[in-house]
Amino acid sequence: MVRLVPRTTKFFEMFSEMANNLTEGARLLKAILQDMKDVEARVEQLKTIEHRGDEMTHELLTKLNQTFITPFDREDIHKLTSSIDDVLDFVHAAGERLVMYKITDFTPSAPQLADVIVRQSEQLCQAVAHLEKKNNNVLQYCVEINRLENEADRISRAAIAQLFEIETNPITLIKKKELYEVLETATDKAEDAANVIESVVVKSA
Amino acid sequence: MVRLVPRTTKFFEMFSEMANNLTEGARLLKAILQDMKDVEARVEQLKTIEHRGDEMTHELLTKLNQTFITPFDREDIHKLTSSIDDVLDFVHAAGERLVMYKITDFTPSAPQLADVIVRQSEQLCQAVAHLEKKNNNVLQYCVEINRLENEADRISRAAIAQLFEIETNPITLIKKKELYEVLETATDKAEDAANVIESVVVKSA
Amino acid sequence: MVRLVPRTTKFFEMFSEMANNLTEGARLLKAILQDMKDVEARVEQLKTIEHRGDEMTHELLTKLNQTFITPFDREDIHKLTSSIDDVLDFVHAAGERLVMYKITDFTPSAPQLADVIVRQSEQLCQAVAHLEKKNNNVLQYCVEINRLENEADRISRAAIAQLFEIETNPITLIKKKELYEVLETATDKAEDAANVIESVVVKSA
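Protein chains in written order, with numbering that gives the first Met the number 0: chain A, 0 to 204; chain B, 0 to 204; chain C, 0 to 204.
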C-alpha cells in the first residue's frame with residue numbers, strides 16, 4: 000500500500016548502508032590487490048558483499064515504488080541507487096577477473112586504482128550523509144569524486160599504454176588490459192553517482 | 000494529434016508482438032548454434048527479424064509520444080521497449096559474429112547460452128501477457144528471468160575461463176570470448192526488461 | 000533561485016554551441032586520420048575541445064536544474080545533452096587510442112568512419128537549429144543521422160572482418176579493432192541524440 004505519511008529519512012539511511020557496504024567491498028579489493036594471498040577465498044567474500052549490495056538495491060527500489068512522497072526526485076533516487084550498485088558490481092568483477100584469468104602479477108597501478116575506488120566510496124558516504132542535512136558541503140565531495148575519476152583515468156591509461164609496450168604475450172595482455180579497464184569503469188560509475196547527487200543539490204538550491 | 004480516449008490495450012498487444020518476435024529470433028539463433036549449416040543465409044534471416052524488431056520499437060515509441068494517457072508510466076514503457084529491443088540486437092550480434100569472424104566451432108556453452116535466451120524470451124512473453132491482467136503471477140516470471148541471467152553468467156564465466164586455459168591461438172581466443180560475452184549481454188538485457196516489469200507491478204500494487 | 004520567467008531560447012543556443020563544438024572535434028579527428036602528422040599535439044588539441052564540451056554539458060545541466068519552465072521535457076533535455084557529450088567523448092577516445100597504442104597505419108575505413116561522424120555532427124547542428132523553430136524539417140535530419148549510423152556499421156564491420164583475415168599479429172589486431180569500435184560507438188551516440196530529437200518533435204506534434 001502507498002504510504003501517505005512519508006518516512007523519507009529511511010531513504011537516506013538506506014543510501015548510507017549502500018555506500019558503507021560499497022566501501023567495505025572496495026577496501027577488500029584493495030587489500031587483495033596489495034597482497035595476493037588466499038585470492039579465491041577472499042574474492043568469495045567480495046561476492047558475498049556484492050550480493051548484499053544487490054539485496055539493498057532491490058529493497059530500496061521496491062520501497063521507492065511503494066512510496067508516494069520521496070525526499071527528492073524519484074528518477075534521481077533510482078539513478079543514485081543504480082550507480083552505487085554498479086560501482087560494487089565492477090569492484091566484484093575486478094576481483095572475479097583475478098580468479099577467472101588466474102592473474103597473479105600486475106603493476107602497482109592495479110592496487111592504486113582500487114585505492115582510488117576506496118577514496119571515492121568514502122567520499123560517497125560523506126556526500127550521502129550530508130545530502131540529508133542539505134548541507135552545502137555536499138558539492139565538495141562530488142567535486143572530489145570527479146577529480147578522483149580523472150586520476151583513475153590517467154593511471155589506467157598509463158598502465159594500458161605501458162602494457163602494450165612491454166607485454167609480448169597477447170593472451171596475458173588481454174587479461175591485464177581487462178583488469179585495468181574494469182577497475183577504471185568502477186570509478187566512472189562512482190562519478191555517475193556523484194553527478195546525480197550534484198543535480199539533486201542544485202535542484203533544491 | 001493527442002488521442003484523448005486512451006486505447007491502452009494496444010500497448011500490451013505491441014509488447015506481445017515484440018516479445019514474440021524476440022522469441023523467434025532467439026530460437027533461430029539457438030538452432031544455428033546447434034547445427035552450423037547455411038550459417039550465412041540463416042544469419043541473414045536473423046537480420047530480417049531484428050529489423051522487424053527495430054520497426055516495432057520505432058512504432059511503439061512513436062505511439063507513446065502521441066498518446067496522452069498510457070497504461071503505465073511513460074518512462075517505464077520507454078525502458079521496457081528499449082530493453083526488449085536490446086535483447087534482440089545482441090541475439091543478432093551473436094549471429095553476426097559467426098559470419099564476421101568465421102567462427103565454426105565452440106563448446107556446448109554457446110548453444111546453452113542461446114537456450115537461456117530462448118527461455119528468458121518465453122518468460123517475457125508470459126510476463127507481458129499477464130501484466131495487462133494485473134495478474135500477480137507476473138512477478139514469478141520476472142524472478143525466473145533473473146534466475147536465468149544468473150545461470151547464463153555462470154555458463155559464460157566457465158566458458159571464458161576454460162577458453163583462457165586451452166586456447167593457445169590469441170586471435171581465436173578473441174573471437175570466441177566475444178561470442179560468449181555478446182550472448183551473456185543478451186541475457187543481461189532480458190533481466191533489465193524483467194526489472195522494468197517488476198517495478199510496474201510493484202508501483203500499481 | 001528558480002527563474003520564473005523562462006528564457007527558453009538559451010537552451011537552444013547552448014545546444015547549438017555543443018553541436019558546433021562537437022563538429023569542430025569531429026573535423027579535427029578526421030583531419031588527423033587523413034594525415035597522420037603531429038598526432039600527439041593535435042590529439043592534445045582534441046582534448047581541449049573535449050574539455051570545452053564537458054564544461055558546456057555541466058553548464059547546460061546546471062541551468063536545467065535551476066530552471067522551472069523548460070522548452071521541452073526536462074528528461075529529454077538531459078538525454079540530448081548527454082548524448083552530444085558522449086559523441087565527443089568517443090571522438091576524443093579515438094584520437095587518444097592513436098597516441099596510447101602508437102597506431103600509425105590503418106585502412107581508409109578509419110578516416111571514412113570519422114567522416115561519417117563529421118556528417119552526423121553537421122546534421123545535428125541543423126536538427127538543433129530547426130528544433131527551436133518547430134520546423135518539420137527536423138525529422139529529415141534525424142533520418143539522415145540514422146542512415147549514417149547504418150553506413151558506419153557497415154564500414155566498421157567490414158573493416159573488422161578484414162582485420163581478422165589479414166592481421167596476423169594479435170596485439171596489432173587488438174589495437175586496430177578497438178580503434179574501429181570506438182569510432183563506430185561515436186556514431187551510435189549520435190543516433191541516440193537524433194532519437195531524442197525525434198521524440199521531442201513527435202511529442203509536440
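Please note that the accuracy of each hint is not assured.
Identical copies go unnamed one by one, so any copy, or any two together, can satisfy a pair.
As the list claims (entries may be wrong) - Straight-line Cα separation of at most 25 angstroms, DSS-like style, residue types lysine-lysine; simulated pairs:
id, residue 1, residue 2
1, LYS78, LYS46
2, LYS78, LYS101
3, LYS78, LYS202
4, LYS176, LYS202
5, LYS62, LYS202
6, LYS78, LYS176
7, LYS132, LYS46
8, LYS46, LYS133
9, LYS176, LYS101
10, LYS202, LYS9
11, LYS78, LYS62
12, LYS174, LYS132
13, LYS174, LYS78
14, LYS36, LYS101
15, LYS176, LYS36
16, LYS36, LYS132
17, LYS132, LYS9
18, LYS174, LYS101
19, LYS9, LYS101
20, LYS9, LYS133
21, LYS46, LYS176
22, LYS133, LYS176
23, LYS174, LYS133
24, LYS36, LYS62
Hints in this document: simulated from the structure, not taken from any laboratory.
Each hint, compared with the structure:
1. LYS78 x LYS46: Cα proximity of LYS78 and LYS46: one copy only (23 angstroms, versus 28 angstroms across).
2. LYS78 x LYS101: The answer is neither: 34 angstroms in one copy and 38 angstroms across copies each exceed 25 angstroms.
3. LYS78 x LYS202: The answer is both: 15 angstroms in one copy and 17 angstroms across copies each meet 25 angstroms.
4. LYS176 x LYS202: Neither way: LYS176 and LYS202 sit 39 angstroms apart in one copy and 42 angstroms across, limit 25 angstroms.
5. LYS62 x LYS202: Cα proximity of LYS62 and LYS202: in one copy and across copies (23 angstroms, 9 angstroms).
6. LYS78 x LYS176: neither (28 angstroms within a copy, 31 angstroms between copies)
7. LYS132 x LYS46: For LYS132 and LYS46, neither the intra-copy (33 angstroms) nor the inter-copy (38 angstroms) Cα distance is at most 25 angstroms.
8. LYS46 x LYS133: neither (34 angstroms within a copy, 35 angstroms between copies)
9. LYS176 x LYS101: both (14 angstroms within a copy, 16 angstroms between copies)
10. LYS202 x LYS9: both (21 angstroms within a copy, 18 angstroms between copies)
11. LYS78 x LYS62: both (14 angstroms within a copy, 20 angstroms between copies)
12. LYS174 x LYS132: Classified as neither; 44 angstroms inside a copy, 48 angstroms across copies.
13. LYS174 x LYS78: Cα proximity of LYS174 and LYS78: none, with 31 angstroms in one copy and 33 angstroms across.
14. LYS36 x LYS101: within (12 angstroms within a copy, 36 angstroms between copies)
15. LYS176 x LYS36: This pair counts as within: shortest intra-copy Cα distance 22 angstroms, inter-copy 28 angstroms.
16. LYS36 x LYS132: The answer is neither: 42 angstroms in one copy and 54 angstroms across copies each exceed 25 angstroms.
17. LYS132 x LYS9: within (14 angstroms within a copy, 32 angstroms between copies)
18. LYS174 x LYS101: Answer is both: 9 angstroms inside a copy and 20 angstroms across each meet the 25 angstroms cutoff.
19. LYS9 x LYS101: neither (42 angstroms within a copy, 52 angstroms between copies)
20. LYS9 x LYS133: So LYS9 and LYS133 pass the 25 angstroms test inside one copy only (16 angstroms; across, 29 angstroms).
21. LYS46 x LYS176: both (22 angstroms within a copy, 23 angstroms between copies)
22. LYS133 x LYS176: neither (41 angstroms within a copy, 47 angstroms between copies)
23. LYS174 x LYS133: Close neither inside one copy (44 angstroms) nor across copies (47 angstroms); limit 25 angstroms.
24. LYS36 x LYS62: Answer is neither: 40 angstroms inside a copy and 50 angstroms across each miss the 25 angstroms cutoff.
Hints 2, 4, 6, 7, 8, 12, 13, 16, 19, 22, 23 and 24 from the list above are not met by this structure, while the remaining hints are.
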